[in-house]
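All chains, full assembly: derive it from the sequences and hints.
Residue numbers (the working numbering), protein chains in the order written: chain A, 1 to 594; chain B, 1 to 332; chain C, 1 to 314; chain D, 1 to 319; chain E, 1 to 349.
Treat the hints loosely; a few may be bogus.
List time: in silico BS3-like cross-link candidates among lysine-lysine, alpha-carbon distance up to 30 Å [stated by the list, open to error]:
{"#": "1", "chain 1": "C", "residue 1": "218", "chain 2": "B", "residue 2": "63"}
{"#": "2", "chain 1": "D", "residue 1": "81", "chain 2": "B", "residue 2": "239"}
{"#": "3", "chain 1": "A", "residue 1": "334", "chain 2": "B", "residue 2": "90"}
{"#": "4", "chain 1": "C", "residue 1": "218", "chain 2": "E", "residue 2": "178"}
{"#": "5", "chain 1": "C", "residue 1": "218", "chain 2": "B", "residue 2": "60"}
{"#": "6", "chain 1": "E", "residue 1": "202", "chain 2": "D", "residue 2": "270"}
{"#": "7", "chain 1": "A", "residue 1": "321", "chain 2": "B", "residue 2": "63"}
{"#": "8", "chain 1": "E", "residue 1": "287", "chain 2": "C", "residue 2": "204"}
Calculated from the structure, these hints are not laboratory results. The model shown is predicted, which means the values in this text are computed figures rather than measured ones.
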Amino acid sequence: GTQTSGGNVAEVQEYRTVYSGEITTLNYLVTSTTNEFALAANLVDTLIDYDKYGVPQPCLATEWEVSEDGLVWTFKLREDVKWVTHEGEEYAEVTAQDFVDAMKYILNPSNGSGTANIAYSVLKNAEEYYNGEITDFDQVGVKAVDKYTLQYTLKEPTPYFLSMLTYVCFFPANGQFLEEVGDKFGTDNVNFLYNGAYIMEIFEPQNRRVLIANDSYWDKENVHIKKLVQTYNKEAATLAPELFLRGEVDYATISSDILDEWMSDPEKEAMVRPNRTSFYSYFYCFNFDPRFPEEYEPDNWKVVVNNKNFRKSLFHALDRKAAMLTAEPYDPEKRLSNTITPKNFVDLNGVDYTQLKSLAKFANTDSFNEKLALEYKEKALQELEGKAKFPVKILMPYNTGVSDWANRAQVIEQQMENLLGTDYIDIIIDPKPPTGFLQEVRRSGNYAFLECNWGPDYADPETYTDPFSPDGTYNWPHLAEGYKEANGKNTYENMVNEAKAERLDIEKRYKLFAEAEAFFIEEAFVIPYAVGGGGYSASRLNPFESLYSPFGVSGERFKGQKVLAKPMNSQEFTEALEQWEKERAEALKKAANQ
Amino acid sequence: MANSMDNLVNGSVDNTKDTIDDIDESLFEFADFDEIEAEKTGYSNYSYWRSTFQVFMQNKVAKFLLFLMIGLLAFTMIQPYLPGQKSPTKIYIDENTGMQLRNHPPDKEFWFGTNSIGQDLWARIWSGTRTSLLIGFFVGLWEAIIGIIVGTVWGYVRRLESAITGIYNVLNNIPTTILLILLTYIMKPSVFTMIFAMCMTGWLNMARFVRNLIIIIRDREYNLASRCLGTPTRRIITKNLLPYLVSVIMLRMALAIPAAIGYEVFLTYIGLGLPVSIPSLGNLINEGRRVMGVPSLRYQLIFPAAVLSIITISFYVIGNVFADASDPRNHV
Amino acid sequence: MLKYTVKRLLQSVVTLFVVVTIVFLLMRLMPEEGYFGEGYEKLDEAQREAILTSMGLRDPIHIQLINFYIDLFSGELGESIIYRPKVPIVDILKAKIPYSVKFGLAAMALSLIVGVPLGVTMARSKNKFWDKLGTGYIVFINAVPAAVYYLFLQLYVTDIFKLPILFNPDRPASWILPTISMSLGGTASYAMWMRRYMVDEINKDYVKLARAKGLREKTIMVKHVLKNAIVPMVQYLPTSLLYTVSGSIYIESLYSIPGMGGLLVDAIQRQDNTLVQALVLIYSSIGIIGLFLGDILMATLDPRIKLDRKEGAR
Amino acid sequence: MNNTKREAILEVKNLRVEFGKKKRDRFVAVDDVSFHIYKGETFGLVGESGSGKTTIGRAICRLVETAGGEVLFKGKKINGKIDKELDKELTRKIQMIFQDPMASLNERAKVDYIVSEGLYNTKNYKDEEDRKRKVERALLDVGLLPEFASRFPHEFSGGQRQRIGVARALIMEPEFIIADEPISALDVSIRAQVLNLLSKLQREKGLTYLFIAHDLSVVRFITDRVAVIHKGKIVELAETEKLYNNPLHPYTRALLSAIPLPDPLLEKQKVLEVYDPSCHNYDNNPPKWIEIEPEHFVLGNDEELEGYKKRLEKIRVEV
Amino acid sequence: MNDSNVILSVKDLVVKFNLRGNVLTAIRGASLDLYEGESLAIVGESGSGKSVFTKAFMGLLDANGWIESGSILYKGEDLAKYKREDDWIKIRGKEFAMVFQEPMTSLNPLRSIGSQVEEAVTLHQRLRGDEAKQKVIEILNDVGIVNPEKRYYQYPHEFSGGMRQRVVIAIAVACNPKILICDEPTTALDVTIQAQILNLLKKLQKKYKLTIIYITHDLGVVANVADRIAVMYAGDIIEIGTCEEVFYNAQHPYTWALLSSLPQLGVKGEDLYSIKGTPPNLFNEIKGDAFAPRNERALKIDFVKRPPYFHVSPTHKAKTWLLHPKAPKVEPPESIKFLRKKWQVMSNE
Ligand SMILES: Nc1ncnc2c1ncn2[C@@H]1O[C@H](COP(=O)(O)OP(=O)(O)OP(=O)(O)O)[C@@H](O)[C@H]1O
Ligand SMILES: Nc1ncnc2c1ncn2[C@@H]1O[C@H](COP(=O)(O)OP(=O)(O)OP(=O)(O)O)[C@@H](O)[C@H]1O
Ligand SMILES: [Mg+2]
Ligand SMILES: [Mg+2]
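Listed below in C-alpha cells is the structure:
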C-alpha cells in the first residue's frame, strides 16, 4: 500500500536540489563513484530492480533462471525497450547484445573501468580476458543467446549474483554507439544513450543538470517526478537549508551545526526529519602501507601500526559517541556500529549476521574502554621501547567538504590525546579539499589513521571484506606484520579466502565470514564506527517510497517517488518507518515463499 | 643727495601723517644689526620624525586607530596569560550532559560563545588574530626586504636594469592568485606554507614600486653630488636612496598585512588554508560561514569578521596616513 | 605609430614566448599522477611508463617543447585528464568562458559607470563629504577581505530584495547580485585611480591656464581634466577586459556560476596537469596581450608616447 | 696680463660626448670642444639651454663618459680608464657645485653628514673630533653657523642651502671647482651672497673655477675668461672684457645683445640681434677654431674669419 | 597720468592661506592702482606674494586661499566680494588674461595647439568653425609662429619652450582681455628667446591696447618693459613709482638691496652688496617693517611700527621710516649712489 503521501502531493512534480561534488564523467562503465553512478541509475535501467521493500523485481529482464549447478544464469529480456538520445529520439532497441558489448568494454583494461574487478570476480574467464591471457571474448561468460536472451556463465556458483546485477558493471550499453563515439562516451549528455526513467536534458558541469522524464520509458507510469533540477554550488552544504526555506530547493541536509536552531523553531521543526541509516559502513582504518610525507614519519608509523597492542590501545581509546555527536547530536547511538558489516544486512535463518557466535561479542560491546586503552598503551610502550619514537605522529586527514568531519577530527584528536597522553600519540589532523579527496588521501595511502566507509556491492558478507583484500585501496591489512602463514599470505586473507571458497553451504559460508570479521576486529586492523545515512534533512520526498536495496543502484532511483507538498516532520517519519518495517516483513515473507 | 630728501619733506601727503608725526624721536635711532640673527630668521628647528608624528597625529581617525591597534596588538600578545582565559583548541564539555558544549551563545563564561564543537570562540579569535598577524608581519617584512633589495638594484644598477625588467615582465604575467594557489597546493597547508607562498608573490609589486621611486630620485643632483664626492654605491643606496623610501616601505608593509590576511581568508575559502586546529581569522570566518544561514549562530561569523575588518581597516588607514605624514612636503 | 606598434608587438611576442616556455617547464615539475586518471594506483611502473611515453612525456625536453608549440599553434590545448576525462580542454573552456565574460563585462561596465563618476566627484569635492564617503568605501573594499562582504551581501541582500541566492541562467534576477558584488572591487579601484589622476591633473598648470582663459569649471573638468585623467586608466582597460575571461573565484562559487573562476582551483586541486597548464597559459597570455593593447591604446590617445622616450631622456 | 706664462690646470682637447647607446638615437652633446683653464682663474662657459655646458662639466669630473678627445688635469689624462689612485686624488681635487640647491642636498641627511660625506669617502680626517672640526670650519668658511650641522636641509633658505653645497665641496680641499649654474636657481636677492662667497674663497684658497651659467651679466662680473658654446660646439673664447666688448661670432653677438640690463635708459634703446644658424655656409668650407687675436679664439670658416678680422680692425681704429 | 584712467584699483588687500591648520598671510594689505594702457612690473624675491596678489584679481587663488579683506575695484565692481565661480567667469579671459611662467606645462599635452587657442576664441570672440580657425591662425601668426596652418594641428610636445610660451601668449591674446597679467613669462627661457618674447609682448600691447602687469624678479626685464614698477616684500608693496624713479631714485632699503646686489652694478673684483638672512616666516605675525631684521640700516621704530607710504613724488611712494622727517639721514649703498647720480643728471635735464 502507498503511505503517507496520500493527499500530500505537490502539484508540480519537479524536484530541485543543490550539490557540491561535481561528477567527472557520465560513463557508468568506468566509474565506481557513488555520485556518478547515482546519476546513471536514473538514466539507464538494469536487468533487475528492487521494490520499495527490497524485493527483487523484473526490470529489463522479465524473467530469469539459474542452472542446477548455479553457474549459468539466463535472462529473458523485455522487448521493445528503446535506447534514446538526449533529445529523446530513438536510437536502437535494447537487446541482449548490449550487455555483452558493455561487458566487453569493461573488461578492456585500456578503458580503465573502476568496476571491472567486480565483474571478473564472478564471470567465467573474465579475469583471464582482462589480463590478456585469453583474447577471444566469446570465451567470457556472457552471451547473447538471441536478441532477447542473455546468458551469464559464472566462475563458481554465486548465491548473490542476482543482487550484483544492479551494479554499474552489469549495465547495458549500445555497442554501435560505443564504437561511434569512442572515447567521448559519457563525457557529456550528448555522447550518451538513455533507456532509463530520465533523460539528461541539460548538462553543464559546475552549473546544473536537468533531467526530464523519458517519454519512451517502458515503465513511465511509475515515473511521477517529471523533472529533476540539480544545481551545483560549492557551498551547497551551507546554502541548502537557506535555499530550502526560501523554497528554491526541495532537499537540504540539516547539518548538526544548525540542527539545534531548526529543532527549536516550530516552523522549521515541522520541516525537518531524520534520514534513514544506510548500509554504508564507517570505520577508522590503520594504514599498513603508509605513503605519506617524511615529515609525518611514515617509518615510525609502520613500526607502531604493526604492533597489536598499539593498535588496540587506540581501538579502545576512541570514544565513538563523542565523535558521533558531531554528526548526530540528537541520537548518536542509533548510528554507532560495532562491526564492519552493519546490522540487518543479511541474516541466517532469522539470526542476524552480526549476532553469529563469533561476531556477537564484538557486536554487542562498545569498543570504547578507557581502562583497556591505557593497559594496551602500557604494553605497547614496553614492546616498542627503543623501536619506535614517541609520541607517535598520527596523520589523520579529513575532507574539508564534509562539514562535520573537521569537527570530528578535532574532537577525536583531543579526546584520544587526552586519554592516551600526548607523550604517546600526536594526532595531526590534516585538512584536504573535497575534490579528489579519496584519490589524494586514501587510495594513495597518504594517511595513518582515517575515517573510511564502504558500501556493499551485493547481498553477501563477502562484500564487506573487499576493501581489505590485497587489491583494495583502504588500508592494506595484508601487509600487516606478524600474521604471515605458510602460504605466504596473512591470516585474515586466508580466512576470507576460505569463506569465499564455500559457495553452496550458506550457513558455513556466513560463519566463516563472521569468524574472519571477528578476527579482523579482534586484531584491531580497523575500528568499527558507524553506519551511514542518518542525520537530518528537510525534504520533499517520502523516503519510504524509494526503491530499497542495501547495495547497487536501485536506491538512487527516483522512479516511484513523488514530490510532497509539505515536507515530513520527525514524527511522521517515525510513524512511516514503523509502518514500512511492518510492511517490509510481510513482503519479504511473501517473496521467500514464492 | 639733498635734493631727494627735499622731495620727502614736500611730498608727504599721506593721510596717516597725523598719527605718524608724534612718534617718539628715540625710535628713529639705528637698531643693532645682527647678521647671525638675520641668518636664523624664519626657520624653526625641525625634526623629520617629530613632524611626521605630528602630522600623523593630526588625523584623528588614524590616531584613534593607531591606539586601537596598539591596544589590540598588546592584547593579543598577553591575552593567553590573562586570568580566566580559555584554550583556543580545547573542546569544552557541558558538565550536566557530559556532551560537548556546542554552539553555546555568548555569555559570561564564553564571551564570544562557542563553536559547533564546543571550543571557546573568544580564545580562538585571539589565537587566530595572532596567527594571521604573524603571517601578515612576516610577509610584510619579507616583501619589504626583498622588494627593496631587488627594487634598488633594479632601479640603480643600470647594467642589470633590462635583465631584471625582463624577469619582472615574465613573473608579473603569472597572476598572483594562481601562483599562490599553486604553491599552497604543492606544499602542505601550514603557517609556513602560507607565509612562503605569499612571500613568493608579494615582493614583485614592492620591487617595482621601489624601482620607480629610485629611478625618480637616482638622477637627482644630490646623488650626482655624492658620486662626485666618490661615495661608494653601497653608501649612496643606504644613505641617499633608502631614506626616501621609508614612507613607501612603511605604507607597503602596513598594506601587506591586510592583504596577507585577505589572501589567507581566500586560500582557506578554496580549501587550501590552514587546518582548523590552527585557528586563524581565515578559518574562523570559514567556519562561521557554515552556520551563517542560522540567525542565532551568526555570531560565529560576525565576531571574527568584525575583528578581521577592524584590523585590516586599521592597518590600511594607518599605513596610508603614515605614508602621507612621512612625506616632508606635508610637513608645514 | 606603426613603428611603435610593431616594436611593442615584437616585445610582447618575445615575452609571451618566454612566459609560455617557463610555464611549460614548470609544468614538467608537476607530479606525474596528474597525467593519469582514477586508475593510477592500479597501474604498475612499466604501464605508467608506457602511458607517459605514449603521451610524449618521455621525449627529450626540447622535443616536448617543440611539439607543445606545434600543438599550441594549431589551437590544440590537449584533453583534460582528471577534471573531465577525455574532454578536450577547448570544449571545457568554451562552455565556461561565456559566463565569466558576461558577468565580467557587466561588472566591469557597472564599476566604470559607478566608479569613474564617483572618483570624479571625490576629486572635485576633495576633503569634503563625498570624498570622505568615497574614501571610506575604498578603504572598506580594499581592507576587508572580499569573502566577508560577499557573504554578507549574499546573505542579507537576497533576503531583503527577494533575489535568488543562486545563479540560474533562465532567471534574469539572478544576474543582479553577482554582478553587483563583482563590481564592488572594480568600482573602488576605478574611483581611487580616477580620484588620484583627477587630483594630479587638477593641480597641473594647464588647468590653471584653462581657468584663466575663462572656461567654465564644468568645461574644464570634462574637456581637459577628465579626458587627461582617463588616459592613464585606459591603459589598463584592455587587461581588465581580457581578464573578465578568468571570472571571479569567489563570486562564481558563491552563486554557482559555471564560469572560469573555479576551474583553475578545481584543476589544481584535482591535479589535472594538462588543464592547469592550459589555464596558466591563458592567464599569462591575457596579461601580456592586455598590456600590449593597453600600450597601443595609450599611444593613440596620448600623442607624446609615440616618440618613445626621446623627450624624457634627460 | 701676460697669459702665456700662466700654468694651465685643466686642458680639454677635442672633447666629444655622446648620449644614447644605439646608433639610431645617438646624440652628440659635446662636439670637438677644446679649451684650457689657468690656475687660479675663473673660466666661464655660457650658452643657451641644452647647449652642452653641464655635459662638459660632468665630463670633467667623470660623471659622464667621453666618446673622444682628452681631458688633462695638471697634465695628466683623466678621462677614460684611469687608475684607482688617480681617481681618488681627482675626487678630492676636482669638486662640483650644483645648480639647484633644492635638489642637490640629501633631504634625509643632516648637514653634518652632507658636508662630511667627502671626508668619509677619502678618509681624510684623523678622528671624529678632527672631522667635526673640519665640518665646522667649512661651515664658517661659507658663512654658516656651526650649530647648523645638526639640522636638516629643509630648514634652510635657498642661499643657505647653496652655501652648504659649497661647504661640501670645500671640505675636500679641492683645487678646481666646477660650478654648474650655481646661482641661476636662486632668488636675485641672494645671488650676491653666493657670488661673493665664491670670490672670497678664490682669493683665500687660490681656487680655480669653471663657472657655467647662462646669465651673461653674472659671467661678466665673475669670470676672467669666457667660452661661448652653441649646440655642443664652442664658438668663441676670449678674456671676458674682450669678448663682451668685441664679440665676433654672430651667436655671441646675439647673446650679448639680448642681455637684459637693469637700466631703463639703456634697456629701452637696446637693439636685438637675432642669430640665424643658416647664416653660415659650412658645407664646402668647414669652420676652423682660430686664435684671431691673442687669447681670443673664434670658430669660423675662412670667409667668416676675414670678416671677423675686419671687424676687429674697425674696433681698434675706433678706440 | 591722472586718476580718471585707473582701470583697476586694489585697496588693502589681505590674502590668507590655510595650510594644514595653520594660517599664512601671503598678502598683507597691499594696495595698487593700475592705469589703463600702462605696463606695470611687480618685482620682489621669491615668495613675496607677487603671484598670489595677481591671482587674487582673477579668482584664481588655490582652493585653500581666500581674500580676507580689502577691495579690488574693477569697472565699478568689487571683485573681492565675488564668491561664486560664475562671477569670476565673467572676468576671466574677457577682462583679465594670464600668461604663466611654465611654458612646458601650461598647455594640455593631449590636445592640439589649435584647439587650445580656439577654445579661447570661441568663448570670448564668439566665433565658430572656420571663422574661429582663421582667427586662431591669425593670432598664432601674430605671436610669431611660422607656418601656423600646420602648427595648428600639432601637439605641445612638438613645440620648443619658446614656441610654447608664444602659444600661451596667443591664448591670452585670443581672449581679447583688457588686462594681461604675465607671471614670470620668460624666467624659464634662454636670454635670446626671452628678449624675443618681451618684444613680442610689447608689440601686442600696442596692437591690442592691453594693460599689462609683468611679474618678474629679473630687473633687466623690468627695465626693458615697465612703465611703472612695484616692489613687493613679504606680501606688501613697499615701493612703487615710475620705472626711472624706482631705478634711479629708490627709497626703500629693500629696493636698494635688490638693486645693488645685481652684478651689472657691481665692480669686478669687489664684493657685491648682498642681502643677509632669510625672508620672514609668513605664518608668524609680522611686527613693524618686515624687512627690518635683514636691514643693516634698520631703525628702532622699524621693529615697532609698520611704516605707511611716504610720497616722494606724486607717482612715487615707499613704505619706509627713513622717509619720515624725524629719521636720520642714511647713506645708501655705493651702487645706489651711482644710480642717483644718473637721476640727478636726468632731473636736471
Ligand atoms: N643622460 C643623458 N642622456 C641623453 N641625453 C642627454 C643626457 N644628458 C644630457 N643630454 C642632452 O645633451 C644635451 C646637452 O645637455 P646639457 O645638460 O649639457 O645642457 P646645458 O647646456 O647644461 O643646458 P641647461 O642650461 O638646460 O642646463 C641636451 O640636449 C640634453 O638633452
Ligand atoms: N596654495 C597655497 N597654499 C599655501 N601657501 C601658499 C599657496 N600659494 C602661495 N602660498 C604662499 O604665499 C606666499 C606668496 O607666494 P607667491 O607664489 O605669490 O610668491 P611669488 O612672489 O610669486 O614667488 P615666486 O617668485 O617664487 O613665484 C609664499 O610664501 C607661498 O608659500
Ligand atoms: Mg645644465
Ligand atoms: Mg610666482
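Status of the hints after comparison with the structure:
Taken as a hint, the residue 218/C and residue 63/B pair is broken in the structure, with Cα atoms around 37 Å apart against an allowance of 30 Å. For the suggested pair residue 81/D and residue 239/B, the alpha carbons sit about 27 Å apart, so the restraint of at most 30 Å is met. As the CA atoms of residue 334/A and residue 90/B are separated by approximately 27 Å, the hinted pair is consistent with the 30 Å bound. Between residue 218/C and residue 178/E, the direct Cα distance comes to roughly 25 Å. Compliance with the 30 Å bound is thereby established for this hinted pair.
Distance restraint check for residue 218/C and residue 60/B: the Cα-Cα separation of roughly 33 Å exceeds the 30 Å cut-off, and the hinted pair is therefore not satisfied. Restraint check: the Cα-Cα separation between residue 202/E and residue 270/D comes to about 14 Å, which is no more than 30 Å; the hinted pair holds. Taking the CA atoms of residue 321/A and residue 63/B, the gap is about 52 Å. The hint is violated against a cut of 30 Å. For the proposed pair residue 287/E and residue 204/C, the alpha carbon gap of about 36 Å is over 30 Å, so the pair is violated.
Hints 1, 5, 7, 8 from the list above are not met by this structure, while the remaining hints are.
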